[in-house]
Each structure stands twice: as structure tokens, then as C-alpha cells.
Amino acid sequence: MMVRNQPMREALRSALQEEMRRDERVFVMGEEVGEWQGTHRITRGFLQEFGERRVRDTPISEMAIAGAAVGAAMNGLRPVAEMMTISFAFLAMDAIVNHAAKIRYMFDGEFEVPLVIRAASGWGDQATATHSHSPEPIFAHFPGMYLACPSTPADAKGMLKTAIRDPNPVLFCESIALYPRPGPVPNDEDYLLPIGEAAVKRAGADVTLVSFAAGVHWCLQAARELSKEGIECEVVDLRWLRPLDMDTVIASFQKTNRCVVVEESLPMYSLGSEVAAQLQERAFDYMDAPIRRVSAADVPLPFARELELMALPNADKVIASVREVLR
Amino acid sequence: MPSAKVKKLLGWYGQMVLIREFEDACDRLFWEEKQITGVYLHLYSGHEAVGVGALAALTERDHVITAYRDHGIALARGLDVGACMAEMMGRVDGTSGGKGGSMHLADRSRNFWGGYAIVGGHLPLAVGIALASQYRGEDEVTLCFVGDGATNNGYFHESLNMAAIWDLPMVWLIENNFVAMGTRVEKHAGEPELHKRAAAYGMKSLGRVDGQDVQAVHDITRQAVKYARNKGPVLLEALTYRYKGHGVSDRSYDQRFAAELAEYRESKDPIELLKRKLLQAGHADETSLGEIEAVQQEKVKEAVAFAAASPAPSEEHLYQNVYVETERA
Ligand SMILES: Cc1ncc(C[n+]2csc(CCOP(=O)(O)OP(=O)(O)O)c2C)c(N)n1
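Residue numbers (this note's numbering), protein chains in the order written: chain P, -12 to 314; chain H, 2 to 330.
Rather than coming from a laboratory, the hints here were simulated on the basis of the structure.
Taking beta-carbon pairs under 7 Å as the criterion, some of the chain H residues facing chain P (in silico):
| hint | residue |
| --- | --- |
| 1 | I119 |
| 2 | V120 |
| 3 | N154 |
Far from chain H, some chain P residues (derived; all Cβ distances over 12 Å):
| hint | residue |
| --- | --- |
| 4 | Q4 |
| 5 | N155 |
| 6 | N174 |
| 7 | D175 |
| 8 | E184 |
| 9 | R189 |
| 10 | E216 |
| 11 | T235 |
| 12 | Y273 |
| 13 | M274 |
| 14 | N301 |
All figures in this text were calculated on a predicted structure; none of them were measured in a lab.
All C-beta atoms, glycine included, are put in the ideal place defined by N, C-alpha and C.
Looking at chain P on its own, in the form it has when it is part of the complex:
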């Protein structure tokens, strides 16, 4: 398989472009996706290639963007709707939670809702409280919708293609911090990664680090540092928060007996809470230390750079937690 080096932004663009070429039913809509070429440049060149019918600039109307995507999906199209940032998905929360995620079940299989909502997620660029969110766990709370959160360009491509082809609704969360980050991407139009499959991104026998999206990179950096002192971390990249691949986490935990969960999200009712609960339910006998969590500070996130850096998780905080579980 041919591989080329691409930033995640371009991997996402080519995945979306290829799917639009492949399937006439796929179209994009959202704020500034057309003429402006996409706030994050994922849809650059799309208006020129696909025209206004399939590349639809919308008003600032998140509720209707998400709701219309649900209706179009029910009626046979394959919408890929864009939330400029996930902070604005809160305005669309009802359409996402009450309709996208529930219609299949509520009408007992009468309808399919094959939609993808792409949302730029994450914080750390002084966007201040109302624009600083990594709320993936909130959205993953609801059954009926999948949640994707890739950490590498290759995963982003394979997961987005799968999400678009799947008959179920998928909230596809893209880390803003990772958009420019390059990595090898298979040059294959049918590069598909299965829904709900985690990946071990680094093997190690001492501690299991569980994370997703940007957090995976803090874990990998911490693992490289700790390796210099002979501490070997296994890094599990969940890739999807729903379905949640606990089997991969548990298999790793049975080997290491220690776990740190790392996330950009807030600490309460979080991924860390969920993984810790499931580990004690399903692997209690393997537990040699309390499970630790690294997350954002439990505050509405501040503007000042100095405060933001204090609140933001990073590799050093992961390292400190690894030392705790090894004590």
C-alpha cells in the first residue's frame, strides 16, 4: 500500500473528498464550508469541485444544521454536517441527542439515520470559557450514536470513511490541535477502520495509559520520557468513545495492573470516571494501584495564557500520575 505523509487536516479532506466522489448521496453543509473554504480548511476546494448543491453554506443556525442533517439522512441522503467548533454543538444538542441518537430505536427500526456530524474539538488556544471544550464524554453518554475521536492522520482518514459509509449516526470529533500534525496516511480509497476498535499505540509492561485524540500524544511523549528511566508504558488509543473498546483496555491492564486515564475534558463524569468504574467491575483482581486520572482543571477555562497552561493537561502531568501509580 502506498503511504504519504500528510497533516490530519489533509487526511480528513481527502477522505471526505473521496467519499463524495464515490457516493452521490454524500454532501456537506455547515457554516463557511463553501465560499470561505472551511473554517479549518477541511473543505478547501470543495465548492469548486462539487458545486453548491453538494457544498452548502448555511446561516449561523446550528440547531437547523443538525436537525436538517437528521431529516436528510432519514430520507436517503448521507449528510456530513460541520459544526465549526464543538462548543456550538451545544446549540444543536437537542437535534443530536433527542433525534439523531434516538430515532432508530424510538420507531423500532423504521428509519436509518446515516449521518456524520463533524465537529472541531479541544481547547488551549486562549479561546476562553465558552469556546474551550472537549465535551466528547457528554455526547458519548447517549446510546444510539457513535463517537469518533482520532489521534493520527491515518486513523482520521480510515475512521471518517467508515463513519460516512456506516448506516448509523456518528459524531466525529476532530482535535483542532491535531489538524496540522503530520503522519503517514495510506493512499487507499477504501482504507476503512472498524467502528469501536481501539489501538495500542505503544507497547509496555508497567502502566497502561488510556486516552484519545490529543491526549494520546501527551501519553506517547510521557512514555518516551519514562522509558529513559526504564518505566515502560502501554498507550491505548481508544479512537472511539462509543462503542468503547474496554476489551483492549482490560487486556492491557491484565498485563500492567496499573492504569492512568488521560483526557482533555473536565474531570467529573468523564472518560476517566467510566474507565475506572469498568476496570473495577471487570478486572478488580488485577488492580495493584488506584486508577489515576489526568484531565483539565475543574473550572470554566480561562483566557490568560498562564492560567490556561496550568489548567491544560500535558505530558508532565501524565508522568507525575504514572509515578503515583507506581509508588
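With the hints as your guide, set chain H with the ligand onto chain P.
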């Protein structure tokens, strides 16, 4: 001695120059000096006559609220220039202690209820602020600035309708700069004459005003405030023009709208228009206006020095004011 009327015009001139200078300084501090690091920095340049003219029609008791493009509104409302600049830099002496940044200036003592960054999000807050005035039987008016792009989400519809059915003392002032980020108003609004939306709510409309003309904005807002104080909500649309990209990082704007931009700068600039008016009427000469400009430039210089000398917030601030501190068991 200039007459009271001339004094007022000269005051507006000074305020508009202050805003222009402040915004130019922000641009520079972001791109060159790098003392402002936050990229969510939306400049008010070009809109000066709207903010200055409208706020001049309020009393101190009246209320003001706006979106993230808030520097000009804050300055026109008389917020301390140094505190505003310190907020841009995220310093403790900023209006929000460095925790809010450019998009979230506020000053309770001036009834300036803040800038808000979720499009449309502040509209229902304005409804509530006006409701509190009405509830207490006070005759204050709430002025809510609204971007053209913000007329298209549910917040707009729900808020205006509620204001109408409860006859709230409010002025809704749409600042139509013809573009929401990069989308033109004809493309984002089914009815691009936004003032017509009032009809849908049975609300009083005062139509459109030339937002480049500070006197015209003042006069019509005054009329709107009077109506709001006595009868109920009013919708008003000011046509204006944004000189810079959506935020500082948006540099494609200058090329995309180059011709229009040039036209506005050359023949419709709000500061130049007032200047010409003052000169033609003999209310001022180049020297006296130059003096006003120098005073404002000095204010901005001092503000930058004040901000740069203010310390960054510390870890203690990170956890402060998540809640009102009370004694809890
Ligand atoms: C709910 C929501 N959606 C999208 C955005 C991103 N956004 C910020 S400002 C803006 C354009 C707003 O335009 P307008 O209301 O005309 O105000 P202007 O910027 O011209 O002052 C957009 C789309 C946001 N902040 N909030």
C-alpha cells in the same frame, strides 16, 4: 467657547478616534509586538459611529450588552482604557482579571453587561436584564447590539418574540456590516433587510439608519430609547462596514472585499465624515482636531504601558470565582 452641541460632536470625534487607535494598537500588539497572544481578537474598526452614536443616546442607568466584537462598545461606555488593554493581554488588572480576554469585557458599575462569544447567546440575557428593570418598576432601557449573522439562530427569534409579548423596555440594534464571518447577508438571510424582522413579532421598527453617520445613529437611537422607555421594544438596523477581517487572523478578507473596503475608507469613513462636517461648519480646524487625536493616541499609549506592567494572574485566580463564595457545611 463651543456650544453644547459642538462640544458633543467633538466628544464623539474623540471617542471614535480612541476606538480606532485602540484597535490599531491591538492589531499591532498581536502581529508585531506579540504582547497580545489570543487569536480571538475581533476589531471594531469601521463600526465606530454605531457604538458611539448609540451609547450617546443612553443615560448611565440604562443597560448595554453586546457580542464578542466588544472593544468599541466598552470604550464608548467609558470603561477604563488601561483595564481594557490589560484584558487583551490577559493581565490581573484587566476588566475581567485576565480570565475573559478580548471577547469578554464587562463593567457592572457602568451597566455594561459584557461581550459574549456564542453567536446570539447574549440576546436572551438582554431580555432578562430588561425584565428585571420592568419587574422592579424602574424605567431603564436595555440596548442590545446584534450582528447581522446573529439574526439567524433560535436565540434571535425566541428573544425578540419574548421581548414583544412582555413589552420589555429594549432597543435591539442590529449592526449590519453585510457579512457574518465570510458569508454575505444576501446569502445568509432570506430577508436581507433585517429591520423587517420586527413585523414577525409585532414589534416597533425604526427601519434602517446610516451607521457611518454618528449623528444619525444618535438621533434615531434616542428616538428608539424614548419609545422603549415608555412603550416597549424597538428594532433598529444600522448599516456599517467592518474594516478588518472577522478576527485578526482572517487576512483573506482584505483581498476579497478590496474594492468595497477602498470605497468605505475613501468616502464613507465614519471618522472622516464627522471631521469633514466639523471643518465645513467651522466648528473646528485641523489643529484643534489634531489636538484631540493626540490626546487619544496618548491614552492608548498609556493603556499599553499600564497593561504591559500588570502581572499575569496566578494559580489562586484559576480557582477563584467558579462560585460565589458562601459558607457551606
Ligand atoms: C453559535 C455560534 N456559532 C458559530 C460561531 C462562530 N462565529 C463567531 S462570530 C461568527 C459570525 C457572526 O457574524 P455577525 O453576527 O454578523 O457579527 P460580526 O462578526 O459581523 O460582528 C461566527 C459564525 C459562534 N461564535 N457561535
